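*Asks:* The whole structure should be built from the sequences, with the hints applied where relevant.
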Amino acid sequence: MCYTLKQTNRNDKCWICASGTRGCTGKHCTNIDATQVIRTGEHAEGCGVDSHAFYHEQQLNELKRLVAGHSRPVFEIFYELASNASTSQATAAHFPTWVQARNTMYYSRSKRYPRLPLYILYLLYIL
Numbered sequence: 004m005c006y007t008l009k010q011t012n013r014n015d016k017c018w019i020c021a022s023g024t025r026g027c028t029g030k031h032c033t034n035i036d037a038t039q040v041i042r043t044g045e046h047a048e049g050c051g052v053d054s055h056a057f058y059h060e061q062q063l064n065e066l067k068r069l070v071a072g073h074s075r076p077v078f079e080i081f082y083e084l085a086s087n088a089s090t091s092q093a094t095a096a097h098f099p100t101w102v103q104a105r106n107t108m109y110y111s112r113s114k115r116y117p118r119l120p121l122y123i124l125y126l127l128y129i130l
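By our numbering, the letter at position 77 of the sequence shown is numbered 80, and the numbering carries on one by one without gaps.
Calculated from the structure, these hints are not laboratory results.
Please note that a few of the clues may not be correct.
Listed below are the simulated DSBU-like cross-link pairs for lysine-lysine, each with C-alpha atoms no more than 35 Å apart in a straight line [unchecked claim]:
#1 Lys114 with Lys9
#2 Lys67 with Lys16
#3 Lys16 with Lys30
#4 Lys30 with Lys67
#5 Lys114 with Lys30
#6 Lys9 with Lys30
#7 Lys114 with Lys67
#8 Lys67 with Lys9
#9 Lys114 with Lys16
Pair ranges (Cβ atoms, derived) [unchecked claim]:
#10 Tyr122 with Thr100: 18 to 28 Å
#11 Asn106 with Ile35: 46 to 56 Å
#12 Asp36 with Thr7: 31 to 41 Å
#13 Leu119 with Gln10: 33 to 43 Å
#14 His73 with Val102: 15 to 25 Å
#15 His73 with Arg118: 12 to 22 Å
#16 Thr100 with Arg68: 12 to 22 Å
#17 Lys9 with Gly72: 36 to 46 Å
#18 Glu65 with Ala21: 11 to 21 Å
#19 Tyr122 with Ala21: 22 to 32 Å
No experiment lies behind these values; they were computed from the predicted model shown.
Even for Gly, the Cβ is constructed at its ideal location relative to N, Cα and C.
*Replies:* As structure tokens, this is what we get:
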């Protein structure tokens with residue numbers, strides 16, 4: 004992770020650098036939906052945070068949220084968000100690929116909808 008959520012106000016969220024570099028003042032303040040950056044702070048000289056990692060992380064969080072809330076197929080949700088993100092050239096290159104997002108999305112869904120038992124006898128013993 005490149006940023007951690009420091010605080011949430013009524014109108015914005017503030018994220019601070021999580022690289023562990025001492026004295027790094029890197030931060031992002033975004034609107035509540037984290038779709039627009041309002042203020043930024045520069046990173047320290049030795050801090051190795053990628054500038055596009057914040058966007059990548061936000062897209063993964065959005066995918067997790069959508070998958071947990073809908074029962075549609077995971078690939079359909081990913082394809083819908085990817086087609087919306089690829090309209091601008093600046094963001095298309097930094098959107099997570101299917102390989103990167105697949106495990107995150109399935110894990111998020113599995114926490115909300117647990118697997119069914121392998122055999123019906125397991126259901127009878129539980130009841």
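*Asks:* Confirm or reject each hint.
*Replies:* Cross-check of the supplied hints:
1. Lys114 with Lys9: 25 Å, holds
2. Lys67 with Lys16: 19 Å, holds
3. Lys16 with Lys30: Between Lys16 and Lys30 the Cα gap is close to 10 Å, so the pair holds against 35 Å.
4. Lys30 with Lys67: Answer holds: Lys30 to Lys67 is near 23 Å, not above 35 Å.
5. Lys114 with Lys30: 30 Å, holds
6. Lys9 with Lys30: 9 Å, holds
7. Lys114 with Lys67: Within the cut-off at roughly 11 Å; holds.
8. Lys67 with Lys9: Roughly 20 Å between the alpha carbons, so the hint for Lys67 and Lys9 holds.
9. Lys114 with Lys16: Since the Cα atoms of Lys114 and Lys16 sit roughly 26 Å apart, the hinted pair holds (cutoff 35 Å).
10. Tyr122 with Thr100: 18 to 28 Å: 37 Å, violated
11. Asn106 with Ile35: 46 to 56 Å: Between Asn106 and Ile35, where Cβ atoms are some 28 Å apart, the hint is violated.
12. Asp36 with Thr7: 31 to 41 Å: Cβ of Asp36 to Cβ of Thr7: about 18 Å, so the range 31 to 41 Å is violated.
13. Leu119 with Gln10: 33 to 43 Å: Check passed, 41 Å falls within 33 to 43 Å.
14. His73 with Val102: 15 to 25 Å: At 21 Å between Cβs, range holds.
15. His73 with Arg118: 12 to 22 Å: 18 Å Cβ-Cβ, so the 12 to 22 Å window holds.
16. Thr100 with Arg68: 12 to 22 Å: 19 Å, holds
17. Lys9 with Gly72: 36 to 46 Å: 26 Å, violated
18. Glu65 with Ala21: 11 to 21 Å: 19 Å, holds
19. Tyr122 with Ala21: 22 to 32 Å: 44 Å, violated
The structure does not agree with the numbered hints 10, 11, 12, 17, 19 stated previously, though it agrees with the rest.
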